[in-house]
Amino acid sequence: MIIAERKPLPEVLGMLDASNEIMVLGCRSCTAICLAGGEKESKAVCEALALHSELKGKDWKVETVTVERACEKEFLTPLADFKGTVLSMACGIGAQVMQELCPETRVVPGVNTSNMGAPEGMGVFVEKCAGCGDCILHLTAGICPIARCAKSLLNGPCGGSQNGLCEVSKETPCAWDQIVKALERQGRSDLLGVNIPPKDWRPSRSGGPRRIVSQEAAPGTAQREWRGEV
Amino acid sequence: MIVCYCCSRSGMPAALTALEEGGLDDIIVREVPCACAAEQWEVLRSFRHGADGVLIVGCLLENCAHHYGSEVAARRSAVLKATVKDVGLSGGRVAMVHLAEHQSVRFRKAVEDMRAAIQEQGGQA
Amino acid sequence: MSVSRLQETLNTGRFAVTAEIGPPRSCEAQHLREMARMLRGSAHAFNLTDNQAANVRMSSIASSVICLQEGLEPVMQMTCRDRNRIAMQSDVIGASALGVRNVLCISGDHQVFGNHPQAKNVYDLDSIQELMVLRNLREGKNWSGEALPEPPQLYLGAVANPFADPFEYRVTRLAKKVDAGAQFVQTQCVLDLERFKKFMRLAVEKGLHERVHIIAGVIPLRSHKAALFMKNKVAGMSVPDELVDRLRKASNPKEEGIRMCVETINELSSIEGVHGVHITAIAWEEIIPRLVSESGIRPS
Chain A
135 MIIAERKPLP EVLGMLDASN EIMVLGCRSC TAICLAGGEK ESKAVCEALA
185 LHSELKGKDW KVETVTVERA CEKEFLTPLA DFKGTVLSMA CGIGAQVMQE
235 LCPETRVVPG VNTSNMGAPE GMGVFVEKCA GCGDCILHLT AGICPIARCA
285 KSLLNGPCGG SQNGLCEVSK ETPCAWDQIV KALERQGRSD LLGVNIPPKD
335 WRPSRSGGPR RIVSQEAAPG TAQREWRGEV
Chain B
8 MIVCYCCSRS GMPAALTALE EGGLDDIIVR EVPCACAAEQ WEVLRSFRHG
58 ADGVLIVGCL LENCAHHYGS EVAARRSAVL KATVKDVGLS GGRVAMVHLA
108 EHQSVRFRKA VEDMRAAIQE QGGQA
Chain C
5 MSVSRLQETL NTGRFAVTAE IGPPRSCEAQ HLREMARMLR GSAHAFNLTD
55 NQAANVRMSS IASSVICLQE GLEPVMQMTC RDRNRIAMQS DVIGASALGV
105 RNVLCISGDH QVFGNHPQAK NVYDLDSIQE LMVLRNLREG KNWSGEALPE
155 PPQLYLGAVA NPFADPFEYR VTRLAKKVDA GAQFVQTQCV LDLERFKKFM
205 RLAVEKGLHE RVHIIAGVIP LRSHKAALFM KNKVAGMSVP DELVDRLRKA
255 SNPKEEGIRM CVETINELSS IEGVHGVHIT AIAWEEIIPR LVSESGIRPS
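Protein chains in written order, with this note's numbering: chain A, 135 to 364; chain B, 8 to 132; chain C, 5 to 304.
Careful, some of the hints might be misleading.
[To be verified] Derived pair list, reagent style DSS-like, types lysine-lysine, alpha-carbon separation capped at 25 Å:
| id | chain 1 | residue 1 | chain 2 | residue 2 |
| --- | --- | --- | --- | --- |
| 1 | B | K92 | A | K174 |
| 2 | B | K116 | B | K88 |
| 3 | A | K190 | B | K88 |
| 4 | A | K304 | C | K235 |
| 5 | A | K141 | A | K190 |
| 6 | C | K210 | A | K315 |
| 7 | A | K190 | B | K92 |
| 8 | A | K315 | A | K304 |
| 9 | C | K124 | A | K141 |
| 10 | A | K174 | A | K217 |
| 11 | C | K229 | A | K304 |
| 12 | C | K235 | C | K202 |
I should point out that these hints are in silico values taken from the structure, not numbers from a laboratory.
Given these sequences and hints, build the entire structure.
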């Protein structure tokens, strides 16, 4: 899932200065799970903004709406007529989809979208996938070196790995230490003997913003005509 | 006006005893099953509904009836302190106190501390 | 056919000496030249580090060329942190055209350690892939397969760290570097001789000493504080407590440090598979001539 963190309130207040009507838009999917922008968090931000407005005489009219999934237009269309500022508590994707839906409305980000990861435990979220577009988890015992190695090494570990920890931080496990041990556990140490050659980064963000088209699902002419999209 | 979110196990008994002893006309007591049941948004909303300060009253950390609810509330109150500060009030307007059901004195002290914090910023206690 | 003095020394079975020079932080070329002149003759080749610890310094390629001009043979270092495969191949072709032959391929310290932690890192390749790409260049093709009318002449090196974890895997990783094209390897500074000897035994068992020349790293320590710094603050280092104590108890720690370094050099030169010594004396380069003389390894 997508991991995001609430933006510091002072930064958000700075974005809203010239606003009158504000909608705090929450999302029940990823940002709810990582406790950044779900219904509860959005209500809290809504209350904080309303209180601020009262204290400072800003005359803001603040409301909050939480949708199922902000990244899919269908869930946002009921809000398309809103004429104010949208403070998105959804991830950067949801914020942009909302913006596309209401081109004249100002949409500002209430969270810092960080990475693709998973909960490690209550309230702790760890990066797992870098979206490189060319998955090699079968070579690395299910541990991604692009995302979880600070240097994205494909033939690690580097010389900074000590006691199973990455040189960058004592809180970061060395992904290659984990990979080496996992491959041994799985009886696939043979994979360690093979050097992985330089990566083709074209399928990653490096190759440009990606557009993936499903062969079966993307409509052709007949379908588009019937749907009135042509 | 000080709104006190008091947990059923410890906060309420302590608050009720203190109320009987008198001198607490400026507080409103709201019962919650556990201190962590007081959500961020409702604590913040209290300020717009007349509260000058909000006290969250929960069990002693090692003795929470719900094991760790009091601890969650403590962490939340730290976040709330920062939030109220960011929007323009002093951080002292939100506080948490941990006590046992018979510690009405501790409750009273927490109210007095809150009054002082409110006075400092120039609000009405 | 040797392309460099370092390669020739190692291939003819002589004990090689290399030493490290840290390039200046700005355009202090004159200072670099003076250091080069002071060090000339103390080693067969001199490493010019590449923005070490992710601090911006004069580039390794420029420093290497300045050293060449002063009669030193450089070992140009190239990390994977700041350059992609395009820049790496380009810089190596340029370096070779200017006379640089020895190139050391390393991952590079993460930028979080340096004076520009906000920078975006590159890591298009890792050090093993860098070896593959540069070996390819030497053999006449760039990585996209285009033939090069005049390929660079290169002697390729890598680093080995017997003191990082997991220990058992370090020898396997050395073998991987050799497979990828490493012709010589310089190790992290040896302060923990026992662990290093263990590593060398495993390497020799695998026959790696016959496929690659292993050059053991040494570092003179000036004080017990320097030893403690190495122990606690530098990633991938193993410093035994006895070493720290010896320096702490010494009446003249500097002299003791020099003595200890000479002892280490002598011990290392008798270990099977060790074909040379690499001296790191950052901010104390002036001690290098004395170290090589007192340990008897000064190139003739």
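Status of the hints after comparison with the structure:
In summary, the hint linking K92(B) to K174(A) is supported, as the alpha carbons are separated by about 20 Å, within the 25 Å threshold. Restraint check for K116(B) and K88(B): the C-alpha separation of about 19 Å stays at or below 25 Å, so the hint holds. Distance hint between K190(A) and K88(B) is fulfilled; the C-alpha atoms sit about 18 Å from each other, no more than 25 Å. Restraint check: the Cα-Cα separation between K304(A) and K235(C) comes to about 15 Å, which is no more than 25 Å; the hinted pair holds.
For the suggested pair K141(A) and K190(A), the alpha carbons sit about 21 Å apart, so the restraint of at most 25 Å is met. With a C-alpha separation of about 21 Å, the suggested pairing of K210(C) with K315(A) holds against the 25 Å cut-off. About 13 Å separates the Cα atoms of K190(A) and K92(B), which keeps this hinted pair within 25 Å; it holds. Taken as a hint, the K315(A) and K304(A) pair is honoured in the structure, with Cα atoms around 19 Å apart against an allowance of 25 Å.
Note on K124(C) and K141(A): the hinted pairing holds, with a Cα-Cα distance of about 22 Å set against a maximum of 25 Å. Taken as a hint, the K174(A) and K217(A) pair is honoured in the structure, with Cα atoms around 24 Å apart against an allowance of 25 Å. Under the criterion of a C-alpha separation no larger than 25 Å, the hint pairing K229(C) with K304(A) is consistent with the structure, at around 23 Å. Among the hinted pairs, K235(C) with K202(C) is consistent with the structure: their alpha-carbon atoms are about 20 Å apart, no more than 25 Å.
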